[in-house]
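Enquirer: Could you build all of it, start to finish, from the sequences and the hints given here?
Protein chains in written order, with numbering that gives the first Met the number 0: chain R, 0 to 475; chain L, 0 to 395.
I should point out that these hints are in silico values taken from the structure, not numbers from a laboratory.
Note that the Cβ used here is the ideal one computed from N, Cα and C, for glycine as well.
Any given hint could turn out to be false.
What the hints assert, rightly or not - Not the full set, but computed from the structure, chain R residues with beta-carbon under 10 angstroms of chain L: (1) R292; (2) T455; (3) D463.
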Amino acid sequence: MIQLNKNYSPPERLAEFIPIKIVSVGGAGLNALDRIVLDGLERADVVAINTDVNSLTSSVATRKVQLGRSVSRGLGAGGDPDVGYQAALESAEEIRETLADASVIFICAGLGGGTGSGAAPYIAQAAREAGALVIGFATLPFGFEGKRRNVQAREALARLSEFAHAVVCFENDRLGDLSPPQAGIHQAFAIADITISQSVRSIVNLIQQPGLIRIGFDDLLAALQTRNSRCLFGYGESDSDNRAHEALTQALKNPLMDRGRMLADATHVLVQVAGGPGMTLSEVEILMQELGRHVSDQTQILFGAVVDARLGDRLSVTVISSLSAEDEAVLMQTPPAPTSTSTVSPAREQYEAAAPEPEIQREEPTVEVRPLEETLPFEEPIAAEAAPQATPISIEPPVIPTRNGEREHAMSSQQEKSAPRNEEKRPAEKSVTPPKQEVLQFEPVTRGRFEKSEPTIIEGEDLDVPTYLRKHIKVK
Amino acid sequence: MVGLEIGTSKICVVVGESRPDGTLKILGVGQAPSRGVRKGEIVDFETAMKCVHEAVVDAEQKSDVMIKSVYVAIAGSHLQSFNNRGCVMVPEDREEIDEQDVADVKINAREVSIPAQNAFLHSIIQHYQVDGQQGVLNPAGMFGQKLEADFHIIHGVRTRIQNAIRCVKELPLDVDDVVFSGLASAQVVLTQQEKDLGALVIDIGGGTTDYVLYSEGAVRQSGCLAVGGDHITNDISMGLRIPMARAEKLKIEEGSCVLGNCFPGETILLKDDSGFAGKEIERETLNTIIHLRLREAFELLKRRLEEEPYLGYLGAGIFITGGCSLLSGIDHLASEIFEIPANLTHAQAAWGVTSAVENPQFSTAIGLVKFAQVMHTDRPARGFGRIIGRIFSGKR
Chain R
0 MIQLNKNYSP PERLAEFIPI KIVSVGGAGL NALDRIVLDG LERADVVAIN TDVNSLTSSV
60 ATRKVQLGRS VSRGLGAGGD PDVGYQAALE SAEEIRETLA DASVIFICAG LGGGTGSGAA
120 PYIAQAAREA GALVIGFATL PFGFEGKRRN VQAREALARL SEFAHAVVCF ENDRLGDLSP
180 PQAGIHQAFA IADITISQSV RSIVNLIQQP GLIRIGFDDL LAALQTRNSR CLFGYGESDS
240 DNRAHEALTQ ALKNPLMDRG RMLADATHVL VQVAGGPGMT LSEVEILMQE LGRHVSDQTQ
300 ILFGAVVDAR LGDRLSVTVI SSLSAEDEAV LMQTPPAPTS TSTVSPAREQ YEAAAPEPEI
360 QREEPTVEVR PLEETLPFEE PIAAEAAPQA TPISIEPPVI PTRNGEREHA MSSQQEKSAP
420 RNEEKRPAEK SVTPPKQEVL QFEPVTRGRF EKSEPTIIEG EDLDVPTYLR KHIKVK
Chain L
0 MVGLEIGTSK ICVVVGESRP DGTLKILGVG QAPSRGVRKG EIVDFETAMK CVHEAVVDAE
60 QKSDVMIKSV YVAIAGSHLQ SFNNRGCVMV PEDREEIDEQ DVADVKINAR EVSIPAQNAF
120 LHSIIQHYQV DGQQGVLNPA GMFGQKLEAD FHIIHGVRTR IQNAIRCVKE LPLDVDDVVF
180 SGLASAQVVL TQQEKDLGAL VIDIGGGTTD YVLYSEGAVR QSGCLAVGGD HITNDISMGL
240 RIPMARAEKL KIEEGSCVLG NCFPGETILL KDDSGFAGKE IERETLNTII HLRLREAFEL
300 LKRRLEEEPY LGYLGAGIFI TGGCSLLSGI DHLASEIFEI PANLTHAQAA WGVTSAVENP
360 QFSTAIGLVK FAQVMHTDRP ARGFGRIIGR IFSGKR
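Expert: Below you can see the structure in the form of structure tokens.
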């Protein structure tokens with residue numbers, strides 16, 4: 000064993016300071032900004048931008064920019080994005096000044112109205128031109144706010160997405176998901192602000208904090224690379240006994256993450272686990288294992304870990320990913336994952352259906368199989384060879400339960416299907432080795448408690464034999 | 000009125016009485032663990048008799064009533080059902096349909112060939128049609144020439160039904176009537192409104208799964224599948240290589256049929272009685288075994304029900320009762336497979352021993368008492384047809 004010096008502590012890594020600016024545009028954006036500052040933000044500057052002077056005055060930001068002194072004259076944009084845009088154009092110089100000297104710029108805006116929808120895309124463009132990584136946080140209006148507002152919001156979102164590297168989108172309609180139904184409306188809105196603030200802060204922390212396993216600015220860029228992408232974000236925190244699992248569950252439940260569904264299609268996923276000094280390797284392992292179940296094999300997982308004494312007993316997980324707009328559109332049309340895997344190998348299913356029949360040692364099923372082989376004399380050696388080939392396949396790791404229903408159907412209709420299947424397989428099998436000897440299955444067919452009672456045979460299957468045995472599903 | 004259910008996991012006797020306002024009051028419930036019964040049918044006569052005797056004695060003590068005759072519930076995979084139509088022409092001189100015609104049409108409906116070894120268990124009226132007019136509920140007294148009626152007929156192997164009756168008679172107890180256990184459960188689990196809307200009752204007991212489907216107030220499909228809680232226990236016992244008793248306990252205490260609900264790697268520690276370190280098993284494995292078996296059973300049931308078009312028209316949904324309905328997550332699994340909302344339920348509208356009434360394991364036996372109540376009161380237009388004579392004649 001390697002003896003560690005008692006006074007060993009990991010060497011302090013000097014973090015390169017990456018300048019971050021958080022820019023809020025419009026009324027909703029300013030509310031979110033106040034929340035962010037309230038929750039405590041270090042190492043980042045905040046800028047408040049609006050047409051309405053009153054809200055600017057009451058904002059807690061240190062740096063404020065008033066848009067469109069002559070266009071809107073200190074009043075709001077009146078819900079008209081064009082006014083917002085004109086106002087932004089007018090104050091273009093000021094905007095550019097504030098956006099200078101930043102490597103990462105977050106733009107928070109509530110879309111649908113005037114300033115947010117009109118000015119935010121322009122500011123994003125300016126930020127992009129200034130050479131920074133631009134991440135947008137946008138909220139979309141409620142459905143009940145009317146079609147016009149929603150259409151304006153969608154248009155603004157599209158324009159924002161053009162200029163920003165990534166946009167995290169939050170629909171107000173999802174507020175219902177976040178807060179208990181009995182909660183007061185102000186609490187519901189507060190929770191929306193909190194979600195945005197959490198997401199902003201965690202990304203800031205991710206970039207700025209030196210971690211045990213470091214995720215940097217470069218990883219963030221990789222994760223959010225695609226243009227026009229929609230960002231998935233999840234944050235969870237827990238301090239209970241089962242904190243690793245709970246934190247991840249919370250993160251995946253986050254409405255911005257869409258319940259972890261779209262995660263399976265993301266190409267890059269960024270995960271940062273932060274905890275106090277009591278965080279153990281096994282907790283991290285559990286967490287990553289569970290996360291691994293939600294993403295596909297193709298996904299690149301960028302993992303970072305931070306030990307932050309200030310977190311104490313809490314363990315927090317941040318999951319960030321992105322979906323490009325094309326992927327998202329494709330996703331809307333394709334059916335969810337499990338059924339797509341089951342369409343992958345219909346051919347296998349038919350053969351797996353053929354293999355178990357001889358094992359059950361009942362007269363009827365085996366009789367079914369034989370005439371089939373005899374009626375296709377040419378394919379007999381191939382069929383015999385295909386059957387043993389199927390048996391190794393059938394001892395695969397657990398098959399998703401949803402497939403079993405289909406397999407049952409396969410068994411009952413195997414008569415019709417096996418014949419054409421044989422012919423299809425023929426060209427492939429021809430070049431393969433000469434017929435092998437059939438592998439005899441040594442699985443004892445027991446019925447346990449039902450040994451001495453009359454078997455229940457339905458649709459050719461003895462239901463007394465345990466289901467998992469008949470379907471060849473591995474249980475330890 | 001006493002109902003006796005000879006089940007695979009338990010034998011239970013429910014004593015009830017009919018109140019003047021028409022509700023049912025449960026006076027006492029006696030039960031005894033069942034041995035000698037597999038898949039709802041008696042395989043060991045002597046042992047089963049002893050267990051029934053025990054249960055009856057227990058019921059007598061609890062309800063303070065001398066039990067002389069019982070209604071017996073019948074289950075078993077041999078029970079089959081089908082719908083048939085009977086037709087009777089009213090003689091020319093009469094115009095009105097009378098009670099005799101109604102009885103005749105029932106006999107006519109029963110003239111269907113069933114296997115020689117089978118006997119009719121139930122002929123349940125669904126609807127009458129008078130001269131083509133559909134949906135008549137009570138044709139007696141109506142004018143008409145032609146009376147037709149749709150019946151739902153349940154039949155089963157005569158000797159197996161007689162076995163159950165004989166077991167009770169040797170106790171000695173009189174058998175008032177025999178009822179299909181699924182039907183009995185449905186009487187007490189569904190309200191008339193639910194029957195009218197359309198509902199499916201699935202009673203998953205120890206040995207069998209009984210189902211009855213109501214549509215527009217009448218029984219359309221029914222049957223018995225010989226897969227039950229015992230099969231689940233057997234699967235667990237074989238899958239995890241633990242003895243049956245342990246498997247049963249594990250199923251009851253920790254079993255769930257919902258997959259993916261546990262913390263990865265979560266294990267259950269089975270403590271060994273002898274003091275040795277127990278065995279550790281993964282919760283997900285246990286749940287998988289249970290899930291697979293139940294999924295298969297439900298899918299089988301669904302395929303059977305899909306032979307007729309009623310499954311798509313269930314207004315009230317699916318009601319799951321019986322011992323296995325206590326498995327966590329079974330209603331979600333059923334909802335998922337049938338794509339119809341499923342609810343867990345127990346006997347409704349019965350008063351008395353609350354713990355018994357609310358226990359889904361007793362719904363069949365309580366249903367028997369309810370059936371008895373219905374038989375005692377004036378038979379409503381939707382009565383149940385019976386031919387006890389045919390079955391008993393063989394015995395006497």
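Enquirer: For every hint, state whether the structure bears it out.
Expert: Hint-by-hint comparison with the structure:
{"no.": "1", "hint": "R292", "verdict": "holds, 8 angstroms"}
{"no.": "2", "hint": "T455", "verdict": "holds, 4 angstroms"}
{"no.": "3", "hint": "D463", "verdict": "holds, 7 angstroms"}
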